Amino acid sequence: MHVAHLSLVDYRSYARVEVPLEPGVTAFVGPNGQGKTNLVEAIGYLATLGSHRVASDAPLVRLGAERAYVRASIVREDGRSALAELEINPGKANRARINRSPATRPRDLLGLLRTVLFAPEDLALVKGDPGERRRFLDELLTARTPRLLGVRQDYDRVLKQRNTLLRTAALARRAGGGRSGALSTLDVWDEHLAAAGAELTYARLDLVAALQPLVDKAYDALSTGGGPIVLDYRSSMSEDPLPTDRAGIHAVLTSAIAAGRAAEVERGQTLVGPHRDDLVLRLGPLPAKGYASHGESWSYALALRLGSYELLRADGGEPVLVLDDVFAELDVTRRARLAEMVAHGEQVLVTAAVAEDVPPALAGARYDVAAGEVRRVEHE
Amino acid sequence: MYEGVVQDLIDELGRLPGVGPKSAQRIAFHLLAADPADVRRLVHALVEVKDKVRFCATCGNVAESEQCRICLDPRRDVAVICVVEESKDVVAIEKTREFRGRYHVLGGAISPIEGVGPDDLRIRELMTRLADGVVTELILATDPNLEGEATATYLARLCKPMGLRVTRLASGLPVGGDLEYADEVTLGRAFEGRRLLDV
Ligand SMILES: Nc1ncnc2c1ncn2[C@@H]1O[C@H](COP(=O)(O)OP(=O)(O)O)[C@@H](O)[C@H]1O
Ligand SMILES: [Mg+2]
Ligand SMILES: [Zn+2]
Chain A
0 MHVAHLSLVD YRSYARVEVP LEPGVTAFVG PNGQGKTNLV EAIGYLATLG
50 SHRVASDAPL VRLGAERAYV RASIVREDGR SALAELEINP GKANRARINR
100 SPATRPRDLL GLLRTVLFAP EDLALVKGDP GERRRFLDEL LTARTPRLLG
150 VRQDYDRVLK QRNTLLRTAA LARRAGGGRS GALSTLDVWD EHLAAAGAEL
200 TYARLDLVAA LQPLVDKAYD ALSTGGGPIV LDYRSSMSED PLPTDRAGIH
250 AVLTSAIAAG RAAEVERGQT LVGPHRDDLV LRLGPLPAKG YASHGESWSY
300 ALALRLGSYE LLRADGGEPV LVLDDVFAEL DVTRRARLAE MVAHGEQVLV
350 TAAVAEDVPP ALAGARYDVA AGEVRRVEHE
Chain B
0 MYEGVVQDLI DELGRLPGVG PKSAQRIAFH LLAADPADVR RLVHALVEVK
50 DKVRFCATCG NVAESEQCRI CLDPRRDVAV ICVVEESKDV VAIEKTREFR
100 GRYHVLGGAI SPIEGVGPDD LRIRELMTRL ADGVVTELIL ATDPNLEGEA
150 TATYLARLCK PMGLRVTRLA SGLPVGGDLE YADEVTLGRA FEGRRLLDV
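Chains as they are written, first to last, in numbering that gives the first Met the number 0: chain A, 0 to 379; chain B, 0 to 198.
The reader is advised that the hints may include incorrect statements.
Claimed, not checked - Calculated cross-link-like contacts (lysine to any residue; reagent style SDA-like; alpha-carbon spacing at most 25 Å):
id	chain 1	residue 1	chain 2	residue 2
1	A	K159	A	L82
2	B	K159	B	G107
3	B	K21	A	A169
4	B	K21	A	R260
5	A	K91	B	V115
6	A	K159	B	T135
7	A	K159	B	K21
To be clear, the hints were calculated from the coordinates, so they are not data collected in a lab.
Keep in mind it's a predicted model, so treat the numbers as computed, not measured.
Could you put the whole structure together from the sequences, leaning on the hints where they help?
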């Protein structure tokens, strides 16, 4: 698929901008702080309903404006086009329209546009906290199976309810007595936590298994030796490997919740479940975090994205590739190899501070971005 | 702490569902700054609603006398009780004409975030109604969202030892939504296809 047109209203630094796009490579070039990332971030937001830079919506709306609009016309595999529109209302519900008719919920947009975004922030996938890797997995899950966004939201909600209950009970207990019945509904929340948690864990394990060989292959192509890559899902519910079926995972989570109850009541929070899991990235015999060199860490991060790209492609529906300012971070060899590997994507959007940062393999259309203006540069 | 009457108002407001100390303070100062006529209209509306509207002593539905129209209707099946969160859900289900039993209105759903536990709902009253063995089926028609599901699970576990048939509306209702927003046909179908709850 590819984006044929992007228009933004009151998004980030843009009061209004219209950007016609084509399949193949397009580079956005301009000095820092001119609005290059803002453009590709908006495309990513339409695809994932989240920004790769911020967790909340408020920074996405132009200073002084009340809401932002992101609109993209998408040309799909079958040649049909779809118009996806999103109104971003910080603090309130966002609204989506598909082909000009209102969608029931923004999440109906998922699946219409798929992107794989590479960004300098990706290094945190390797070097950062477990939360970064959980988010990576969950975003890819949702891109593959939009239904799972509902499961994720359910899980987050149960967790919030359950943590509130535990915290209230812990406070009451410390104050001496308090409401005796505060924990009478804990069993019920346990049950719902186990149901949503098992579903989410099952989906993540399934994803990791599918992703592993693709990431390994990409890592091999990017660097010289050092592998193999092993993606090792570490669950908070058990030291042992988890069962591979839903019912088995559900049983393990249920008993882990029961076994941990005393500690959870004491601490006033939920200590087991997919919100406490990690994806340990192994490089040969060692974990990449803490052991891999800077260059190896970059190769690993890129390999995770390239693996995601291959996985989504294999599902059908070639995603739009977005490379936000990554070439400047890489050495000459990695630059060239990455460029070669993405050059034939249906649509590749690249941002760079200077034209020289864009590898020759990615020659294509070019826009200059300066002071909120996006101007097409005709080739001489 | 504020001067006497202001603090009294904040305390009273703070006892309302979903109103924390911060909101109570905000509402109190809004009222202090408001036009006296607006405040008098609010007072009037509060007094009127207390004078004119009552809740059925049996089921908790909105009523004009001691009991509601449905509890007073001898043609309704006394062996089946449908449990809902709010009176407005009774209205939605009545429109489907699928249900001939009686209701029990809980007054909300279990939600620790909003400070609502089982003791804040009309669950004790429900247990009293079930005690004499006349009721044989309990239909749990709480909202198809997480809090509604959790409330249904809680009730199902509580009633299990009583040997009742406990059922839940069939899925197909818009998940994450409110019962009152489901259309009549969908809600009617959900009633017909209700499933036995296994806890
Ligand atoms: N909500 C906003 N309102 C106005 N300007 C914003 C907003 N968010 C970011 N900006 C501006 O956008 C610029 C950053 O744009 P960005 O796309 O990240 O730059 P780059 O071209 O380096 O990728 C900064 O100058 C920042 O002040
Ligand atoms: Mg940038
Ligand atoms: Zn009644």
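Results of checking the hints against the structure:
For the hint linking K159 of chain A to L82 of chain A, the alpha-carbon distance of about 35 Å lies beyond 25 Å, and the restraint is violated. With a C-alpha separation of about 21 Å, the suggested pair K159 of chain B and G107 of chain B falls inside the 25 Å cut-off, and the hint holds. At roughly 23 Å between alpha-carbon atoms, K21 of chain B and A169 of chain A fall within 25 Å of each other, so this suggested pair holds. With a CA separation close to 32 Å, the supplied pair K21 of chain B and R260 of chain A exceeds the 25 Å bound.
This hinted pair checks out: K91 of chain A and V115 of chain B have alpha carbons roughly 24 Å apart, not beyond 25 Å. Simply put, K159 of chain A and T135 of chain B have alpha-carbon atoms about 36 Å apart, too far for the 25 Å limit, and the pair is violated. For the hint pairing K159 of chain A with K21 of chain B, the CA-to-CA distance comes to about 21 Å; that is within 25 Å, so the pair holds.
Hint violations for this structure: numbers 1, 4, 6, all remaining hints satisfied.
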